[in-house]
Amino acid sequence: MTSTSTDDDRHRRLAAVRPRLVAFARLHLRDAAQAEDAVQEALVAAIEKQDAFAGRSGYETWVFGILKYKILDAMRTQKRHGKWQPLDEEMEDEAIDRQFQRNGRWLESARPGNWGEPEAAFENERFWQVFDACMIGLPDNLARVFSLRELMGLSTDDICHEVGIKENNCWVMLHRARLRLRACIERGWLEESA
Amino acid sequence: MMMCKEATRLMSLKRDRSLTFQERLSLRLHLAMCGACRNCDRQFELLHRVGHHYEPTSEGDGERDEENGDGDPDSPGR
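Same order as they appear, the protein sequences are chains A and B. Residues 1 to 194 (UniProt numbering) make up the first sequence, in order. Residues 1 to 78 (UniProt numbering) make up the second sequence, in order.
Quick caveat, the hints were computed from the structure, so don't treat them as lab data. Do not rely on the hints blindly, as some may be mistaken.
[To be verified] Under the rule of at most 20 Å between Cα atoms (straight-line distance), these lysine to aspartate or glutamate pairs were calculated in the EDC-like manner: (1) B:K5 - A:D93; (2) B:K5 - A:E89; (3) B:K5 - A:D37; (4) B:K14 - A:E167; (5) A:K68 - B:E55; (6) B:K14 - A:E108; (7) B:K14 - A:D158; (8) B:K5 - A:E92; (9) B:K5 - A:D97; (10) B:K5 - A:E108; (11) A:K166 - B:D16; (12) B:K5 - A:E94.
Please put together the full structure from these sequences, using the hints given.
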């Protein structure tokens, strides 16, 4: 009896956490079908291996950990299929040049504003819509490095190994990704809600 | 004197590796004088924390069964 109710409970918890897993996988894989597949695989693995899960709490976190592995696998496959290119650092990034004057100061139109407390932003559904849209708008290579660093929490050293680039290239990409995201979010979020 | 664009490079970098003493100092000096860059620094910090929102057991997520918790923070799955 006890084990059945535990199973029921876990299935209920998996169903509840699923949308968040899909959203997370999508940001990494940038492909709805591949994201669904990765989540599906993670859920199957979680159900099959649930005896291996010993803890009383943190079940969702454990499933999330499985998903991260599945996402990394799927990314490696994408990379083998040539779906990912390193950054040509020599190439200027005009989306960033549009934020600064020649002398390196902010352009008046692009000066960063005050977004208020992060917690308030994170509570705001509109913020997440804009964040998603801005992530989709990023070039693939910048989005990949950003999501591995800030969503997956890998170190830049690990990212280098994962995607096969130099650490310096990684730092340049993260800088560009953050500047593009901040400008995009500021345009989409603050201006519309103002 | 460091300009805003270079300052944003250091703001980004400090979230990926520790800055050298020299880098830290010039960034601090710039931030002390530049409100727009202070805002940018906070925006980068917000982006840096965005990932926690997706972690299912991070705050604000349904039930966190902490009953019987002996205050023993066993690390979550590997």
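Practice task
Starting from the hint list further up, note which numbers the structure goes against and sort them upward.
Solution key: Hint check: 3, 6 fail, others pass.
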